[in-house]
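Q: Note that the numbering used here has the sequence shown beginning at 1, numbered continuously upward.
A hint or two may mislead.
[Stated by the list, open to error] With a straight-line Cα cutoff of 20 Å, these simulated EDC-like cross-link-like pairs (lysine to aspartate or glutamate) come out: (1) LYS287 with GLU275; (2) LYS220 with ASP58; (3) LYS228 with ASP210; (4) LYS220 with GLU34; (5) LYS245 with GLU206; (6) LYS228 with GLU255; (7) LYS219 with ASP251; (8) LYS220 with GLU88; (9) LYS220 with GLU275; (10) LYS185 with GLU255; (11) LYS185 with GLU209; (12) LYS287 with ASP251; (13) LYS219 with GLU43; (14) LYS219 with GLU206; (15) LYS245 with GLU231; (16) LYS185 with GLU117; (17) LYS245 with ASP2; (18) LYS228 with GLU43; (19) LYS185 with GLU206; (20) LYS228 with GLU209; (21) LYS287 with ASP210; (22) LYS245 with GLU209; (23) LYS228 with GLU285; (24) LYS228 with GLU206; (25) LYS245 with GLU232.
[To be verified] Pairwise CB distance ranges, derived in the manner of DEER restraints: (26) PRO187 with GLU96: 12 to 22 Å; (27) GLU40 with PHE95: 21 to 31 Å; (28) PHE107 with ARG30: 18 to 28 Å; (29) LYS219 with ARG111: 17 to 27 Å; (30) GLN201 with ARG111: 18 to 28 Å; (31) ARG238 with ARG281: 14 to 24 Å; (32) ALA257 with ARG233: 25 to 35 Å; (33) ASP12 with MET265: 38 to 48 Å; (34) GLN110 with THR254: 21 to 31 Å; (35) GLN201 with ALA24: 24 to 34 Å; (36) THR216 with GLU285: 19 to 29 Å.
Bear in mind the hints are in silico, worked out from the structure with no lab data behind them. Even glycine gets a Cβ: it sits at the ideal position worked out from N, Cα and C.
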Amino acid sequence: MDRIAALLVHPDPEVRTALRQGLADADFIRVLGEAVDAYEASELLRAIPYGLLFCGVDLPGEVGGFELAQALTAAKRQPGLVFIATDESRAFAAFELGAADYLLWPFSPQRIARTLERLSRYKPAFREAPPPQWRPAAAPAALDDDPEGEQTVQLALEGEEEDRFLSALRQAWDTGSERPVDIEKLPITFDGRTILMPYTQILFIEAYEDYSFVHTATKKLLTSYRLKNLEERLRPHRFFRVHRKYLVNLDQVTEIATMPGGNFMLRTAGKTRIELPIGRRRIGELKQILGL
């Protein structure tokens, strides 16, 4: 019988042990990992297609359980969510994020049983797709002929998948085709809804592992975008990668300051002035852009 892969995310080993023991008898769930914070969880989520996430509301570090869940809402196949907390104060927010359940610690075996009964009703939505069947190429090249030892694997596509793939190729190769219009707003999922953030309201963007924080004058929002992808999207709109961790809106820059040791710092507009470091390798290009 197929089982749903589950990830347990909580800083307290006692909570993780209780969860693992409570889920052991479920015939449709297999626990395939544990993490203590959002960083470890993101590493596992990137490597394994989890169908269920049991996540503490309070996690160590900058990113809590809700922020981690919000970052996952943009995923093509979002895992089912069960939050663990010590009180009921954030239950409404959890269900607004689409949580299947909200467990209060310490929880009894009877309460875990109710969670499992609830998840069993939803399990078709959480079930992972089977791995693709593959076959080697009909006449693979000898490894001696390939200096890097690369091999080719052919994946069989279903009819509908093949049509979509060929359509995407035709569109990519057609240089005369009309490209999507950039509306100059960044979609960000926040509190269970998607807001369209105008580029002009973004002060800077900060990399956080495979995610990023979008900073405005009043908000700091966790998104599922990687900084590299946002750099490609926003560079034509006067955003500049001043540092490996920071992408800044040049229209919001008010000052460039020289710091001790030959380092440089940008200051941005807003009620609270924000200082960002400039990488030494990037200062020359930035000065050229600004005409300095």
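Q: Give a verdict on every hint.
A: Comparing the hints with the structure gives:
no.	hint	in the structure
1	LYS287 with GLU275	holds (17 Å)
2	LYS220 with ASP58	holds (18 Å)
3	LYS228 with ASP210	holds (10 Å)
4	LYS220 with GLU34	violated (28 Å)
5	LYS245 with GLU206	holds (6 Å)
6	LYS228 with GLU255	violated (25 Å)
7	LYS219 with ASP251	holds (18 Å)
8	LYS220 with GLU88	violated (25 Å)
9	LYS220 with GLU275	holds (15 Å)
10	LYS185 with GLU255	violated (25 Å)
11	LYS185 with GLU209	violated (23 Å)
12	LYS287 with ASP251	holds (14 Å)
13	LYS219 with GLU43	violated (26 Å)
14	LYS219 with GLU206	holds (13 Å)
15	LYS245 with GLU231	holds (11 Å)
16	LYS185 with GLU117	violated (42 Å)
17	LYS245 with ASP2	violated (41 Å)
18	LYS228 with GLU43	holds (18 Å)
19	LYS185 with GLU206	holds (17 Å)
20	LYS228 with GLU209	holds (11 Å)
21	LYS287 with ASP210	violated (29 Å)
22	LYS245 with GLU209	holds (10 Å)
23	LYS228 with GLU285	holds (18 Å)
24	LYS228 with GLU206	holds (11 Å)
25	LYS245 with GLU232	holds (15 Å)
26	PRO187 with GLU96: 12 to 22 Å	holds (18 Å)
27	GLU40 with PHE95: 21 to 31 Å	holds (25 Å)
28	PHE107 with ARG30: 18 to 28 Å	holds (20 Å)
29	LYS219 with ARG111: 17 to 27 Å	violated (36 Å)
30	GLN201 with ARG111: 18 to 28 Å	violated (43 Å)
31	ARG238 with ARG281: 14 to 24 Å	holds (20 Å)
32	ALA257 with ARG233: 25 to 35 Å	holds (28 Å)
33	ASP12 with MET265: 38 to 48 Å	holds (40 Å)
34	GLN110 with THR254: 21 to 31 Å	violated (59 Å)
35	GLN201 with ALA24: 24 to 34 Å	violated (49 Å)
36	THR216 with GLU285: 19 to 29 Å	holds (25 Å)
In summary, the structure is inconsistent with hints 4, 6, 8, 10, 11, 13, 16, 17, 21, 29, 30, 34, 35 from the numbered list given earlier, while agreeing with the others.
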